[in-house]
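Peer 1: Let's have the full structure, built from the sequences with the hints guiding it.
Number of protein chains: 2
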Amino acid sequence: MDYRHLFSSDVPSFMRSPVREIFRKVDLSAICSFAGGYPAAVTFPVEDLRRLPGLVLDKYGTKALQYGATQGVPELREAIAARYGVPVSRVQITTSSQQGIDVCTRILCDPGDIILTTEPTYLGALQSFKAYRADVRPIKSIVMDREGIVPETVVSDDPSQSRLTPSSGPSLLCGRGWPQVSGTTPSRSDSKPVKFIYVIPDFNNPSGETMTLEERMEIVKLARELDVVIVEDSPYRELRYSGEEVPTIYSLAPERTLHLGSFSKIFAPGFRLGWIIGPEELLEQIYICKQALDLCPPVFDQYMATEFLTSGALDANLVKTKAEYRRRRDLMVSLLEKYMPAGVKWTYPEGGLFLFLTLPEGIDTIEMYDEALSRGVAYVAGSFFFLDGSHRNTMRLNFSFIAEEKMEPGLKLLGEIVRGVICK
Amino acid sequence: MDYRHLFSSDVPSFMRSPVREIFRKVDLSAICSFAGGYPAAVTFPVEDLRRLPGLVLDKYGTKALQYGATQGVPELREAIAARYGVPVSRVQITTSSQQGIDVCTRILCDPGDIILTTEPTYLGALQSFKAYRADVRPIKSIVMDREGIVPETVVSDDPSQSRLTPSSGPSLLCGRGWPQVSGTTPSRSDSKPVKFIYVIPDFNNPSGETMTLEERMEIVKLARELDVVIVEDSPYRELRYSGEEVPTIYSLAPERTLHLGSFSKIFAPGFRLGWIIGPEELLEQIYICKQALDLCPPVFDQYMATEFLTSGALDANLVKTKAEYRRRRDLMVSLLEKYMPAGVKWTYPEGGLFLFLTLPEGIDTIEMYDEALSRGVAYVAGSFFFLDGSHRNTMRLNFSFIAEEKMEPGLKLLGEIVRGVICK
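Heads up: the protein sequence lines correspond to chains A and B, in order.
Take the first sequence: its position 139, counting from 1, is numbered 138 in numbering that gives the first Met the number 0, and each next residue is one higher.
Take the second sequence: its position 310, counting from 1, is numbered 309 in numbering that gives the first Met the number 0, and each next residue is one higher.
A few of these clues could be false.
Chain copies aren't distinguished; within one or between two, either way the pair holds.
[What the hints assert, rightly or not] The list that follows gives simulated cross-link-like pairs (lysine-lysine, DSBU-like), each with its CA atoms no further than 30 angstroms apart:
1. Lys-220 x Lys-129
2. Lys-191 x Lys-24
3. Lys-191 x Lys-129
4. Lys-319 x Lys-62
Honestly, the hints are just simulated from the structure, not real lab data.
Peer 2: Here is the structure:
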């Protein structure tokens, strides 16, 4: 039977994750894989999890097994509200932070509506945005850091394509040329409004970078000028290994920011729990929408997360998790310094799970990928994280998931492969 | 701040569940509530759940806490495939059966596209359909059973509004006048195609009724004539207390049926797990869509469900669950016979959680609701389950959730209230 006449107009815009497709084809456990973005299994609080289910059943009884409130169970909402200093009425629990991205897009975007994003950006967000046929456009960002990528000059190919509603003028240019909206996407819907700005300000996936306070204020300024919402996707915020904490964008513009948090990196991703902190008027629409999406987040898991958080076990585990990842980050950086040829640069992440590599101009990490894979090392090509597929000389390396003993042979091999390509 | 200019065009169509709104306003535990559709807490396998988490950690290790496959973990897909005799490739695990409804609508419906449904129908499905701005139209069904509602004659107010793509002619009329499409909804989009037929063939929510094999074959015939998909929503199928099992619609038309199952009534709703069985070509689009929705269903919960199912604990618990609900159904029917005045009719459900009451013509169960609530008894007005808000003399009664000792005082009270309204 042919189903094509039955599919909705969204279907042709559904986008497979290149990362998940890599996982489908190759047994990454057999090689040195810096692809993927999984947390280290060693950070999972296994011992707590032997205790928590019984504790939840004792304390909450069958309530923990029943349907729950669409907004999330009150106990978890209160725990999140207390941890982040916001009113409970501003907290919605989500069935994963990915659902948070999806539902924000759902309530805000019609096909052709414009979403602005910094680049490189999270692939899972692009999947959601494209699945709603939004017109996603880049805000070019300076990529910084001591070993960082050279700051880019923002050039719009055709200035007439950069027009946004209501306006984006010279006032948006800051000294470092950022943020400025560049019209690199086709202008099929220039009359459509901008609906929100999407940013991953803390330890960006894939770049590992963190936005400065000044840059966050620029994002807020842009959002206020355009009169749009900011979706602040911050699943790694609790994972800082060095440097100073920067205020959330939510704290700078609570009236227009939807801040997305996640338990995946501070508890375990197998529980699919996240949260949205934002204005009640926006959460109200998300609440009604979520009734139709899945009625409520997983209830038993929410009570386990509540107990994990309120008992102090989360913070205790976080100390160990951060020590583990700090060591891995430092190891990766020292190994890159040891094995990468001259001309290769990388970001220095103050937290999170990723580091971003820039090879000399002209090298194509997609072309290089088959050789790397056949020789036993995997990464994700950086161009996947750019809307126009540019930056083909970049790659994302994950330092959280790979077995620690594979890090040196893997990076040594990668260094050799890069050196070979440079010498060609 | 005013957000109205930012909302998507779907937002005005979001529909609050009247049932969930009742829950919000009243503490139903303080009264005799036949509203809601929760399973009885006594059916939850609490003792198994003290054992399962540790067992899952021992057997699957940290894999149970990590991200999992978007299709669901292979072990659970295999267990579902084996239980229902279908290939694993035809099984997608969902984050609740509600997500199954939502994602089927997402991949099939554009705004204005037509969904046909039998009536009365599931409110959560209507929420999903309306949230995508589908044009939901009724297939009038005969409501049967020994104490049942009188069969309805199907009349379309304006036959020109009944035109469907490709056609709905006299061949669709069967002896009992069913199924026939009635154009009761505004015809703003008559040029739009029908995309699927939605049915709850087993122990319908809200009516409690089960479609005969003949009626299922009529649905298949209609779907084949229209060349559309059937969404067979069957969360109660495993809960049969009497009568003979009827083949699934999926078994009659596996090439065009998406069969939705749920763990909520056979394990615990707090786990938010369901499944879709259907053609690979449709599941492939659901798979890609689900990456953007929430990446994967809850992994730890999936492994608990796997062990619960494959160990035989599910079947053992199901025997107890069915005995419990059979007793409750029989009790409710005997109490209705005892307390309801002449002229009140009800369905006799062979399974599921609900029974549907029809009061004499002219009585309005929405108008009656405030009095009922103030006197200490709650139900859901039946007209909520009809697209045009008709059948205002009906109500849904749930027999699974109410404390058993409240059933007699509750139905006695309801009988008095109904008697009072009849005598007015």
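Peer 1: Against this structure, judge whether each hint is valid.
Peer 2: A quick look at each hint next to the structure:
Within a single copy, Lys-220 and Lys-129 get their C-alpha atoms as close as 26 angstroms, which meets the 30 angstroms cut-off; across copies the closest is 36 angstroms, which misses it. Taking the shortest Cα distances, Lys-191 and Lys-24 never come within 30 angstroms of each other, neither inside one copy (39 angstroms) nor across copies (40 angstroms). Taking the shortest Cα distances, Lys-191 and Lys-129 sit within 30 angstroms of each other both inside one copy (15 angstroms) and across copies (24 angstroms). Taking the closest pair of Cα atoms, Lys-319 and Lys-62 come within 30 angstroms of each other only across two copies (20 angstroms); inside a single copy the shortest separation is 32 angstroms, beyond that limit.
Figure legend: structure checked against the earlier numbered hints; the only hint not met is number 2.
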